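Colleague: As numbered in our numbering, residues 2 to 176 make up the sequence shown, in order.
In short, the hints are calculated from the structure, not lab data. If you're wondering where the values come from, they're calculated on a predicted model, not measured in any experiment. It is possible that some hints are incorrect.
Unchecked claim - Within a straight-line C-alpha distance of at most 30 Å, the following computed BS3-like cross-link-like pairs (lysine-lysine) qualify:
id : residue 1 : residue 2
1  : Lys33     : Lys94
2  : Lys33     : Lys86
3  : Lys173    : Lys116
4  : Lys86     : Lys116
5  : Lys119    : Lys33
6  : Lys15     : Lys33
7  : Lys86     : Lys15
8  : Lys119    : Lys86
9  : Lys94     : Lys173
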Amino acid sequence: MYDRAGMGQSSFAKPQVRSLQQLSDEMAAVVKANGWQNLVLVPHSFGGLLARQYVSDHPEQVRGVLFADTVHESWYELMQQAMTKPGWQIMQKIIGWERDSHSHEDFVEAVHAAKSFKFPANLPITVLSRGLPMTNLGPAGMSQRDMDAFNTSWTLAQFQLSLLSSDSRHQKLFY
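When you get a sec, could you build the whole thing from the sequences and use the hints?
Modeller: Next up, the structure:
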C-alpha cells in the first residue's frame, strides 16, 4: 500500500507543496523499490488525480483502477459555477488550507494537469461514489445552497470518471 507523504501512515520529513507530476514520480519510485507489477490502483479523493497521472505515465504497469469517491477535474469548474460568491470564497480557503497547511497538495495545479492525461480507452475501471451528501462544510460557514452545489457538482464529476474507459462500471454507495 502506498500513502502519499503526510497522508495515512506515512510521514512527511519536510512538508512542501508538490506537483502532481512529483507525486506520480514518488509513487513510481515506491513501485520500483518494492518490485510491484500488474497494479490495480485504488485511490480515494485527491488520490484519483494522482492515479490518473500515474496511469498516464506508466500505462503498461496498471491493470485496472477502482476509483473510491475520487476527484475528477470537472468538479472544480462545476462547483465554481454553481456556488455563490461567498460559498466559492470559503471553498478557495479550504483548498488553500489543504495546499499550504494540511496535505501540501496543489489541487488547482492538479486539476489543470489532469486535462492532459492520457488514459487507456479500455482500461478496466470501477467508480464507487458516495451516496450521502457531504454535510460537514456548515461549520466553515458554507450555506446549505452552497453545500448542495458542492454535492451536485461532485455527483456530476463522478459520472465523468466513469466515461474514462469503455470498460467501466459505476456504483453509487450509501454510507
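Colleague: Hint by hint, note whether the structure agrees.
Modeller: Checked hints:
Annotation: proposed proximity of Lys33 to Lys94 is violated, straight-line Cα distance about 36 Å (limit 30 Å). A hinted pair counts as satisfied when its Cα atoms are at most 30 Å apart, and Lys33 with Lys86 does not qualify at roughly 45 Å. Our distance criterion of 30 Å between C-alpha atoms is met by Lys173 and Lys116, whose separation comes to about 25 Å. Of the supplied pair hints, the one linking Lys86 and Lys116 holds, its CA atoms being roughly 25 Å apart against a limit of 30 Å.
Between Lys119 and Lys33, the direct Cα distance comes to roughly 21 Å. Compliance with the 30 Å bound is thereby established for this hinted pair. A hinted pair counts as satisfied when its Cα atoms are at most 30 Å apart, and Lys15 with Lys33 qualifies at roughly 22 Å. The suggested pairing of Lys86 with Lys15 is violated, with an alpha-carbon distance near 35 Å, which exceeds 30 Å. The hinted pair formed by Lys119 and Lys86 fails the criterion: a straight-line CA distance of about 34 Å is larger than 30 Å.
Restraint check: the Cα-Cα separation between Lys94 and Lys173 comes to about 29 Å, which is no more than 30 Å; the hinted pair holds.
Hints 1, 2, 7 and 8 from the list above are not met by this structure, while the remaining hints are.
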